[in-house]
Structures are given as C-alpha cells and as structure tokens.
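Asker: Produce the complete structure using the sequences and hints provided.
Spelled out from the first residue to the last, the chains are:
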Amino acid sequence: MGGSKELVRAAARPVAISAATVAWVLGAVVNDLSGWSFTLTAAAGAALTALAVGIPLRAEHNARVRARTAEQIAEDESARAQLVLNDALEPLTYLIGRIADRPPRWSFGRDVGELQGQAKAVVLSAAAEVLGADRLRACFFARVEEKPVRLVPSGFHGRAEEPRTTFVQGTDLGDFALGLLARREDLFCADTEAASPPGWDPGPHKYRTFIVVPVATETRQFGILTVDGLQIGDLTEGDVAAVRVLGRLLAVALGA
Amino acid sequence: MAKSRKNGDELQRARLARLLSDPATYFADARRQAHEQAKRLLAARLDEPGEVSPGRS
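In order, the protein sequences belong to chains A and F. Quick note: the first sequence uses numbering that gives the first Met the number 0, first residue 0, plus one each step. Quick note: the second sequence uses numbering that gives the first Met the number 0, first residue 0, plus one each step.
Hints listed in this document are in silico derivations from the structure and should not be mistaken for laboratory results. These numbers were taken from a predicted model, which means no experiment stands behind them. One thing to keep in mind: the hints can contain errors.
Stated by the list, open to error - Dumping the calculated DMTMM-like pairs for lysine to aspartate or glutamate here, alpha-carbon to alpha-carbon at most 20 Å:
hint, chain 1, residue 1, chain 2, residue 2
1, A, Lys205, A, Glu192
2, F, Lys38, A, Glu76
3, F, Lys5, A, Glu89
Answerer: What follows is the structure, encoded as structure tokens:
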C-alpha cells in the first residue's frame with residue numbers, strides 16, 4: 000500500500016513538470032511566439048516549473064532526514080532509559096535490599112563487606128557502561144580519615160588505565176574535591192583543556208571530559224565517584240543525573 | 000488480562016551473578032536487547048498513532 004503511494008508520488012513529479020512546461024509552450028504557440036521569444040518563454044517556463052516543484056521536494060527531503068534523526072534519537076533515549084533502569088538500577092537495588100536484609104549481628108561480618116564490594120563493582124560497571132559512549136572509565140575514590148584527609152583510588156571499571164590520583168587535603172585539587180564532597184555538589188567538565196578544576200595537572204591523563212559526584216548520605220561521606228571519557232562529547236550534562244543516582248545508591252549500600 | 004512478568008528474586012540473583020562475573024558482556028547484551036526493544040516499540044507507536052493517555056501526552 001505504502002509502496003504504491005510512493006510510486007504514484009514519484010510519477011506525479013515528472014508528470015507535473017512536463018504538464019506545466021507543455022502549458023507554457025502551448026501558451027507561446029497560441030500567442031504566435033517564435034524565434035527567441037518562443038525559446039525564452041519555454042525555457043523560463045521549464046525553469047520556473049522546476050523551481051516550483053523542486054523547492055517543496057527539497058523541503059520534503061529535509062523533513063524526512065529530520066524525521067529519521069528524530070527516530071534515531073527517540074530509539075537511543077528509550078534504549079538508554081531501559082538500560083539504566085532495567086539492567087543497572089534493578090540489580091543494584093536488589094543487592095541493596097539484600098544488604099538491608101542482613102540481621103544487625105551480621106553488620107560487621109564478612110558477608111556485608113562482600114555485598115558492599117559487589118555494590119561498588121555494580122555501580123562502577125554501570126557508570127562506565129550505560130551512559131552511551133564507548134571507552135568510558137568509572138572510578139571510586141574512598142575518603143580516608145587520616146591527617147591529612149585524602150580521597151584514594153578504590154576501584155575502577157572501563158578502560159584499562161588505573162586511576163593514580165590521590166586527592167590530599169591542603170592541596171588545591173584535594174581541597175576542591177573534598178569541598179565538592181562536603182557540599183554534596185557534583186561537577187561536569189565538558190573539556191579539561193577549556194576549563195579545569197583548580198590545581199589540575201593534565202599530567203598523563205588522556206581524558207578530556209569527566210563527571211564527579213559525591214558518594215555520601217546526609218550525615219556520612221564515603222568518597223567520590225568519577226566517570227571520564229577520552230573525547231569531548233563522550234559525556235554530557237544529561238549524564239550527570241544517572242551518575243548522581245548511582246553515587247547515592249552506592250552511599251546507601253556502603254552505609255548499611 | 001493484565002500481563003505479568005517473571006521477575007522475581009531468583010531471576011534478579013541470576014542477573015546479578017552474570018553482571019558481577021562479566022560486566023562488559025552483560026552490558027553489551029543488555030544494550031543490544033534494549034535497542035531491539037526500543038526499535039520495536041517505536042515502530043509500533045509510529046505505525047499506530049492512536050490517542051495517547053492524557054498523562055503521557
């Protein structure tokens with residue numbers, strides 16, 4: 000059905016152009032035009048008719064391209080929502096439920112520690128895998144209550160480059176990161192070369208964009224969760240909310 | 000008849016085990032399935048542009 004409609008539409012265009020051109024030619028013949036005036040009238044008729052048909056055709060083509068793009072965006076967003084909810088958050092919340100189900104006497108046992116380690120692994124893999132871009136890396140930096148206070152690498156998932164930075168209180172970068180955690184703020188850096196945190200040293204870092212979210216409940220601070228990408232655009236402002244939820248859930252798991 | 004899905008604790012336990020044992024493969028499979036389902040749902044919605052629920056418009 001759709002195919003025959005397409006055929007009719009495709010045939011209609013040349014027929015319309017031919018009919019309109021013939022009309023111009025007939026008009027010229029009826030008016031006894033000849034020589035240059037006839038040629039000019041017929042050529043102008045053909046050109047104007049082609050223009051009259053061509054402009055809507057171009058608009059139709061553009062509309063089709065936009066519709067295809069919109070369909071692709073809708074598909075990507077729908078798939079991403081399903082991936083985050085169904086494949087990342089559901090197993091994680093199930094796991095947190097298991098942690099919460101442990102009787103109090105188990106709280107300091109090996110079992111809870113193991114489940115919390117699993118929660119960290121799930122959060123790191125989800126943060127690196129569900130945001131859309133390839134070759135992302137997610138890292139957890141745990142807050143260590145020593146003097147000076149530090150945020151030390153404590154697990155990562157994604158690209159095979161282990162995080163090496165330790166954020167130490169008293170340094171520009173350390174105070175900045177600990178301040179984000181204390182204020183429960185998140186940070187999205189679209190391009191490290193355009194705008195980077197205070198005390199930032201590019202060093203051997205290959206990544207160009209990153210997100211930082213706190214891993215904390217209202218009363219306790221566990222650390223920060225970061226996700227980074229190699230290319231500008233690998234992460235967007237729209238990714239921050241998902242990472243923030245993962246950070247909050249990790250805090251719930253670690254605090255149980 | 001409402002549609003029920005088998006999604007109980009046993010299934011969740013199995014999914015979690017799969018996720019923990021090989022997260023890269025787990026999410027690669029999940030991504031492929033999510034795209035297939037999204038494509039299917041989108042095609043169904045575009046083929047039958049009926050009235051949407053007022054709450055989802």
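Asker: Take the hints in turn and mark each one as holding or not.
Answerer: Right, here's what the structure says about each hint:
1. Lys205(A) / Glu192(A): Holds - the C-alpha atoms of glutamate 192(A) and lysine 205(A) are around 11 Å apart, at most 20 Å.
2. Lys38(F) / Glu76(A): holds, 11 Å
3. Lys5(F) / Glu89(A): holds, 14 Å
When held up to the earlier numbered hints, the structure conflicts with none and fits them all.
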